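Listed below are the residues making up each chain.
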Amino acid sequence: MTINKTQDKGKLTISIEGKLDATTAQEFQDVLIPAFDDAREIVLDFEKLTYISSAGLRVLLAGHKKSFAKDVPMKIINVSEDITEIFTMTGFASILSIM
Amino acid sequence: MSKFFYSIRFRIHALNVGLVFAISVAFLVIFLENSRRTNSKHLEDIAKKTVQYLNADIQNALAPAIDMANYVATFADDYDLEQNTHILGKMLPAVSSAFEAYYGTTLSRFDGGWFATATDWDPYSTNPNWDQLKRPWFIYAMQSPGKITITDPYEDSNTGEICVTIVKTVADSTGKIKGVVGVDIFLDKLTEIINEHKITEDGKSFLVDANGLYITHQDTSKILENNILEDMKLDKSILKKQGIKFRDGMYITFIAVPNTPNWHFVSIGSLKSLDKMDLTPILIIIAIFIVLSIIVSFVLGSRISKPIKKLTDDVSKLGLSDLDIRVEVNTNDELGILARTFNKMTADLEVSIETSTRERAEKERIGAELNVAKDIQVSMLPCLFPAFPHRTEFDIYASMQPAKEVGGDFYDFFLIDDNTLAAVIADVSGKGVPAALFMVIAKTLIKNNAQSGKSPKEVFEIVNNLLCENNEASMFVSAILGYLDIPTGKFTFVNAGHNPPLLRTNGRFNWLKTEPDLVLAVMENISYKQHEITLNRGDELFMYTDGVTEAVNNKGDLFNNQRLLEVANNYLDLSLREFIVSIKCEVDKFADGAEQADDITMLALKMKYHK
Numbered sequence: 001m002t003i004n005k006t007q008d009k010g011k012l013t014i015s016i017e018g019k020l021d022a023t024t025a026q027e028f029q030d031v032l033i034p035a036f037d038d039a040r041e042i043v044l045d046f047e048k049l050t051y052i053s054s055a056g057l058r059v060l061l062a063g064h065k066k067s068f069a070k071d072v073p074m075k076i077i078n079v080s081e082d083i084t085e086i087f088t089m090t091g092f093a094s095i096l097s098i099m
Numbered sequence: 001m002s003k004f005f006y007s008i009r010f011r012i013h014a015l016n017v018g019l020v021f022a023i024s025v026a027f028l029v030i031f032l033e034n035s036r037r038t039n040s041k042h043l044e045d046i047a048k049k050t051v052q053y054l055n056a057d058i059q060n061a062l063a064p065a066i067d068m069a070n071y072v073a074t075f076a077d078d079y080d081l082e083q084n085t086h087i088l089g090k091m092l093p094a095v096s097s098a099f100e101a102y103y104g105t106t107l108s109r110f111d112g113g114w115f116a117t118a119t120d121w122d123p124y125s126t127n128p129n130w131d132q133l134k135r136p137w138f139i140y141a142m143q144s145p146g147k148i149t150i151t152d153p154y155e156d157s158n159t160g161e162i163c164v165t166i167v168k169t170v171a172d173s174t175g176k177i178k179g180v181v182g183v184d185i186f187l188d189k190l191t192e193i194i195n196e197h198k199i200t201e202d203g204k205s206f207l208v209d210a211n212g213l214y215i216t217h218q219d220t221s222k223i224l225e226n227n228i229l230e231d232m233k234l235d236k237s238i239l240k241k242q243g244i245k246f247r248d249g250m251y252i253t254f255i256a257v258p259n260t261p262n263w264h265f266v267s268i269g270s271l272k273s274l275d276k277m278d279l280t281p282i283l284i285i286i287a288i289f290i291v292l293s294i295i296v297s298f299v300l301g302s303r304i305s306k307p308i309k310k311l312t313d314d315v316s317k318l319g320l321s322d323l324d325i326r327v328e329v330n331t332n333d334e335l336g337i338l339a340r341t342f343n344k345m346t347a348d349l350e351v352s353i354e355t356s357t358r359e360r361a362e363k364e365r366i367g368a369e370l371n372v373a374k375d376i377q378v379s380m381l382p383c384l385f386p387a388f389p390h391r392t393e394f395d396i397y398a399s400m401q402p403a404k405e406v407g408g409d410f411y412d413f414f415l416i417d418d419n420t421l422a423a424v425i426a427d428v429s430g431k432g433v434p435a436a437l438f439m440v441i442a443k444t445l446i447k448n449n450a451q452s453g454k455s456p457k458e459v460f461e462i463v464n465n466l467l468c469e470n471n472e473a474s475m476f477v478s479a480i481l482g483y484l485d486i487p488t489g490k491f492t493f494v495n496a497g498h499n500p501p502l503l504r505t506n507g508r509f510n511w512l513k514t515e516p517d518l519v520l521a522v523m524e525n526i527s528y529k530q531h532e533i534t535l536n537r538g539d540e541l542f543m544y545t546d547g548v549t550e551a552v553n554n555k556g557d558l559f560n561n562q563r564l565l566e567v568a569n570n571y572l573d574l575s576l577r578e579f580i581v582s583i584k585c586e587v588d589k590f591a592d593g594a595e596q597a598d599d600i601t602m603l604a605l606k607m608k609y610h611k
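Chains A and B, in that order, give the protein sequences. Taken in order, the first sequence gives residues 1 to 99; the numbers are from the numbering used here. Taken in order, the second sequence gives residues 1 to 611; the numbers are from the numbering used here.
Calculated from the structure, these hints are not laboratory results. Do not take every clue at face value.
Said to hold, decoys possible - Result set (SDA-like, lysine to any residue): computed pairs, CA atoms no more than 25 angstroms apart in a straight line: (1) B:Lys584 - A:Gln29; (2) B:Lys454 - B:Lys404; (3) A:Lys65 - B:Gly556; (4) A:Lys48 - B:Ala594; (5) B:Lys204 - B:Ile294; (6) B:Lys306 - B:Gly556; (7) A:Lys66 - B:Val433; (8) B:Lys306 - B:Ile294; (9) B:Lys454 - B:Pro500; (10) B:Lys404 - A:Glu27; (11) B:Lys555 - A:Glu27; (12) A:Lys9 - A:Thr23; (13) B:Lys529 - A:Asp21; (14) B:Lys134 - B:Lys204; (15) A:Lys19 - B:Leu558; (16) A:Lys19 - A:Asp71; (17) B:Lys41 - B:Asn226; (18) A:Lys70 - A:Gly18; (19) B:Lys555 - A:Asp21; (20) B:Lys310 - B:Ile290; (21) B:Lys189 - B:Ile294; (22) A:Lys19 - B:Ile294; (23) B:Lys529 - A:Thr23; (24) B:Lys529 - A:Gln29; (25) B:Lys147 - B:Lys306; (26) A:Lys70 - B:Ile526; (27) A:Lys48 - B:Gly556; (28) B:Lys404 - A:Thr84; (29) A:Lys19 - A:Lys9; (30) A:Lys19 - B:Lys404; (31) B:Lys447 - B:Thr534; (32) A:Lys65 - B:Val433; (33) B:Lys374 - B:Arg391; (34) B:Lys374 - A:Lys48.
Stated by the list, open to error - These stretches of chain A come out as covered by chain B in the derived footprint (C-beta under 8 angstroms, 3 or more residues): (35) 2-11; (36) 31-45.
Stated by the list, open to error - Partial list, derived from the structure: chain A residues whose beta carbon lies under 7 angstroms from chain B: (37) Gly18; (38) Lys66; (39) Ala69; (40) Val72.
Computed from a predicted model, the values in this text were never measured in an experiment. Note that the Cβ used here is the ideal one computed from N, Cα and C, for glycine as well.
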């Protein structure tokens with residue numbers, strides 16, 4: 001998994017490439033959670049994300065909670081069909097802002 | 001490492017002795033070379049002196065004749081030839097007898113007016129064509145007026161033998177040249193003289209002319225026949241500058257002879273007599289040096305090697321089991337530093353090994369505890385089959401294959417009352433101890449609430465709210481809880497974000513898809529939708545966790561839902577146990593040795609008949 005960050009004024013875009021599973025989730029969490037301290041908007045680009053496990057979902061959930069606490073919107077864009085299926089199945093589709 | 005072992009001590013000795021030996025040899029070579037140069041110089045001096053004596057001989061040979069000739073010249077004009085011949089005939093033998101070496105003394109008048117010899121030879125009377133002006137002795141004398149000089153060899157008119165003549169012009173009191181006076185020397189006599197002038201014991205001496213032709217030689221056949229330049233393979237340039245050449249162990253000395261037509265005195269000798277100097281004192285000195293150096297190197301060597309040996313002995317005692325060894329070398333040099341460094345190293349090593357041993361023990365303890373935790377976790381799941389041997393209306397089987405570490409999967413089933421069977425399958429997000437702890441809480445809460453008579457929907461709504469409290473770690477659980485009404489086959493269930501089960505009706509498996517609800521522990525006060533299906537006779541329900549569909553092979557491919565559906569339909573009409581084992585086998589086959597990353601949990605329920 002590789003993580004790329006692009007900053008456009010207050011909007012931080014985090015692009016993830018590869019698999020977000022138990023072994024890589026911690027790295028993603030270390031990038032995502034502190035980002036809420038500075039950014040005014042966070043966009044997660046999942047175009048190149050091939051797989052997300054429950055550990056990855058947990059980080060998204062933690063981000064979702066942080067987003068509410070800090071009042072910093074977190075959006076997810078370019079979600080593939082496979083990932084959408086996981087979001088739908090777990091009910092995350094109903095709580096996350098998926099564009 | 002080298003095949004041979006050389007101790008440092010040995011190397012110090014070898015180096016030291018070798019050095020002394022090399023210096024001695026160099027010293028000897030320089031000494032010999034120097035003495036050779038001294039010898040050459042010495043030899044040259046001898047040669048020059050010899051030539052001086054030779055020259056003196058030549059000068060002296062003519063001295064009495066010159067006196068006499070000068071005396072005769074003062075009155076010679078006053079007498080005629082006959083009178084002069086008579087006078088000279090009386091005088092010359094007296095002069096020449098003083099020099100036995102010389103054959104004849106001649107005196108001639110410049111204008112040919114008279115010619116007298118110490119013998120009674122009279123060329124003018126026997127040969128009318130004889131002309132003294134054309135004779136070599138006359139010509140050589142006239143070329144160097146006033147000087148005593150010597151001719152090149154020529155044939156004597158009287159005897160026919162080869163001779164040279166020492167000659168000088170004769171002048172009267174006014175200095176006017178009146179004639180020539182000369183003494184003949186036959187070559188065999190000259191050879192005798194030269195042979196005596198050896199400058200080395202085993203040497204030979206020659207006279208050579210301006211071209212290198214032998215004038216004298218021990219082998220008389222070579223005289224005026226052979227050339228020293230060819231014999232010795234020398235360059236002609238040696239005749240222009242005198243000196244010494246060293247060749248094939250022989251010294252060749254060339255010295256020009258004064259008052260000759262460019263003659264050279266040549267002496268050849270091996271100089272063995274000079275080289276045969278006594279080297280014994282030098283060799284004794286060298287021997288003393290070597291012995292002294294060996295003693296010094298032994299003393300020095302043992303001073304150096306003793307601490308090294310001590311160091312080696314001490315270090316070789318060292319083993320992992322015994323790090324208390326300290327090296328006792330307290331010298332103030334590199335060895336001392338090495339010893340102190342070594343001691344520090346063993347001390348550090350001791351500390352480091354102690355630390356790592358402690359850490360390893362700690363790790364082992366944690367590992368052991370985790371194993372116990374895993375066992376506890378597995379033992380919390382019902383694992384005795386058949387689970388309800390006296391209930392023939394249904395069959396249930398489940399298995400959990402934990403991944404390497406403790407995980408968060410679980411299943412559960414229990415009878416709420418005689419007619420109701422509850423079945424649960426769940427997956428806690430993440431792995432490790434946090435997931436395991438969360439799993440225990442979730443399982444306990446679900447079972448407790450289910451047993452108190454609440455519907456599946458009510459159970460999940462309550463459990464969800466309880467799990468949401470203080471869930472700082474953002475853990476969550478996907479789960480299915482279903483109640484089977486045993487008499488009717490009615491199956492009432494809720495699905496909190498879990499993988500859809502497979503339902504086998506009319507002989508084939510298909511997805512049991514429902515509108516999904518959110519996983520547990522994410523958001524409070526969620527309302528869960530309750531679904532109802534009826535399991536007819538022979539129908540089967542198969543529930544699993546994502547450890548099945550998301551099993552990965554070495555290429556990174558997922559087992560996926562599609563494959564699960566196909567595989568499930570390949571193992572129809574087996575017992576539930578056989579069915580689940582077969583699915584597990586398929587997953588293993590797919591993984592092809594890739595490590596199992598997640599717990600693999602499966603639960604199958606079969607309706608055998610309705611009452």
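Each hint, compared with the structure:
no. : hint                : in the structure
1   : B:Lys584 - A:Gln29  : violated, 33 angstroms
2   : B:Lys454 - B:Lys404 : violated, 36 angstroms
3   : A:Lys65 - B:Gly556  : violated, 31 angstroms
4   : A:Lys48 - B:Ala594  : holds, 24 angstroms
5   : B:Lys204 - B:Ile294 : violated, 49 angstroms
6   : B:Lys306 - B:Gly556 : violated, 65 angstroms
7   : A:Lys66 - B:Val433  : holds, 24 angstroms
8   : B:Lys306 - B:Ile294 : holds, 17 angstroms
9   : B:Lys454 - B:Pro500 : holds, 23 angstroms
10  : B:Lys404 - A:Glu27  : holds, 21 angstroms
11  : B:Lys555 - A:Glu27  : holds, 23 angstroms
12  : A:Lys9 - A:Thr23    : violated, 31 angstroms
13  : B:Lys529 - A:Asp21  : violated, 29 angstroms
14  : B:Lys134 - B:Lys204 : violated, 35 angstroms
15  : A:Lys19 - B:Leu558  : holds, 12 angstroms
16  : A:Lys19 - A:Asp71   : violated, 28 angstroms
17  : B:Lys41 - B:Asn226  : violated, 29 angstroms
18  : A:Lys70 - A:Gly18   : violated, 28 angstroms
19  : B:Lys555 - A:Asp21  : holds, 16 angstroms
20  : B:Lys310 - B:Ile290 : violated, 29 angstroms
21  : B:Lys189 - B:Ile294 : violated, 64 angstroms
22  : A:Lys19 - B:Ile294  : violated, 77 angstroms
23  : B:Lys529 - A:Thr23  : violated, 34 angstroms
24  : B:Lys529 - A:Gln29  : violated, 32 angstroms
25  : B:Lys147 - B:Lys306 : violated, 86 angstroms
26  : A:Lys70 - B:Ile526  : holds, 23 angstroms
27  : A:Lys48 - B:Gly556  : holds, 15 angstroms
28  : B:Lys404 - A:Thr84  : violated, 29 angstroms
29  : A:Lys19 - A:Lys9    : violated, 28 angstroms
30  : A:Lys19 - B:Lys404  : holds, 20 angstroms
31  : B:Lys447 - B:Thr534 : holds, 23 angstroms
32  : A:Lys65 - B:Val433  : holds, 23 angstroms
33  : B:Lys374 - B:Arg391 : violated, 31 angstroms
34  : B:Lys374 - A:Lys48  : violated, 36 angstroms
35  : 2-11                : violated (count 0)
36  : 31-45               : violated (count 0)
37  : Gly18               : violated, 10 angstroms
38  : Lys66               : violated, 9 angstroms
39  : Ala69               : violated, 12 angstroms
40  : Val72               : violated, 16 angstroms
This entry does not satisfy hints 1, 2, 3, 5, 6, 12, 13, 14, 16, 17, 18, 20, 21, 22, 23, 24, 25, 28, 29, 33, 34, 35, 36, 37, 38, 39 and 40, going by the numbered hints stated previously.
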